[in-house]
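Asks: Sequence:
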Amino acid sequence: MHISRIDLNLFVVFDAIYTEGGITRASEILKLTQPAVSHALARLRTLVDDPLFVRQGHTMSPTPVAHELIGPVRRAIAEIEGSLSQLSRFDPQTSQREFKIGMHAIVELATIPALMELIGAAAPGIQISSVVHNRSDFQTQLTSGKLAAAIDVLVPVTHNIHKQRLAGGKMVVVARKDHPVVQGRISLETYLAHEHVLSSTRMEGPGMEDVELSRLGWTRRIKLRCQNYWTACKIVSTTDLLLTMPERYARAANAPLDNQLLSFPIPMNARDIYLYWHASVESDQANRWLRDNLIASFDAPAAELGQTPTFVSSALRAPP
1 MHISRIDLNL FVVFDAIYTE GGITRASEIL KLTQPAVSHA LARLRTLVDD PLFVRQGHTM
61 SPTPVAHELI GPVRRAIAEI EGSLSQLSRF DPQTSQREFK IGMHAIVELA TIPALMELIG
121 AAAPGIQISS VVHNRSDFQT QLTSGKLAAA IDVLVPVTHN IHKQRLAGGK MVVVARKDHP
181 VVQGRISLET YLAHEHVLSS TRMEGPGMED VELSRLGWTR RIKLRCQNYW TACKIVSTTD
241 LLLTMPERYA RAANAPLDNQ LLSFPIPMNA RDIYLYWHAS VESDQANRWL RDNLIASFDA
301 PAAELGQTPT FVSSALRAPP
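Every letter in the sequence shown is one number past the one before it in our numbering, and letter 54, counting from 1, is 54.
Honestly, I wouldn't trust all of these hints.
Said to hold, decoys possible - List time: in silico BS3-like cross-link candidates among lysine-lysine, alpha-carbon distance up to 30 angstroms:
(1) K100 with K170
(2) K223 with K177
(3) K100 with K163
(4) K234 with K100
Source of the hints: derived by calculation from the structure; they are not laboratory data.
Build out the structure end to end from the sequences listed, making use of the hints.
Replies: Laid out in structure tokens, this is it:
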């Protein structure tokens, strides 16, 4: 008989009768009526084709089959209770869990250092794994449990994927410290007169800043297209090229390079960043602990992520 057709509560009743030696006491322990306990025993007798208990005076004595069953039944009950207890009492101090979080490299730079500082000695046995994910399949990985959480820009998700906004921010311009023209501020004219690095994983197409510039009637010159902000920031530190990127990532990526971070010469927000998780772990204490700490890592003061850019205002007028 398949396990799906068996009422596992029957074995809880069986254990109580075996332990207490009778239906009356078992019903008191289980907080069930005596007829309910008797009915459960009758069903179990039919299931195993054995009386299980025979009355001897005021007690019910186990049969050989009952003696054979009690060990495996008690171990199974203890295993289930232990598993449920672990789930309901997640303790980061003693847990040995691994959490896989999907994110891109630049998000990792701005997130994982702060996260590890937050959890530190409070979670000595917990392992954090930052893994690259594709926007096309990260929902599947959340559903399957391969990912505990994912961090990305706002994307359409199904109803069983939950999300929370983590951060927004502004776009900034990155220039090398000793740039011959750009020092402390940048006008729109200067920005458009220079050549730029565009960081994109796509083979072609404009960056979000190019879309906004085009909407206002301006274009810039792209000298180099590279795959990630790390490379772009390094190139900027040794050339006169300019780079436009979200402020949060710019602070983290440019701290060791000593590049200038300047206000983008037109008002433009960076894309909001969201935390994603599956509905099935909404109430899971371990996943909630992870989410709380990820949120806290994004709440870290911006100055802790790197140097502070020089913010200036620029006139919004088209170049001559």
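Asks: All the hints need checking, so say for each whether the structure fits it.
Replies: Here is how each hint holds up against the structure:
no.: 1; hint: K100 with K170; verdict: 29 angstroms, holds
no.: 2; hint: K223 with K177; verdict: 20 angstroms, holds
no.: 3; hint: K100 with K163; verdict: 17 angstroms, holds
no.: 4; hint: K234 with K100; verdict: 29 angstroms, holds
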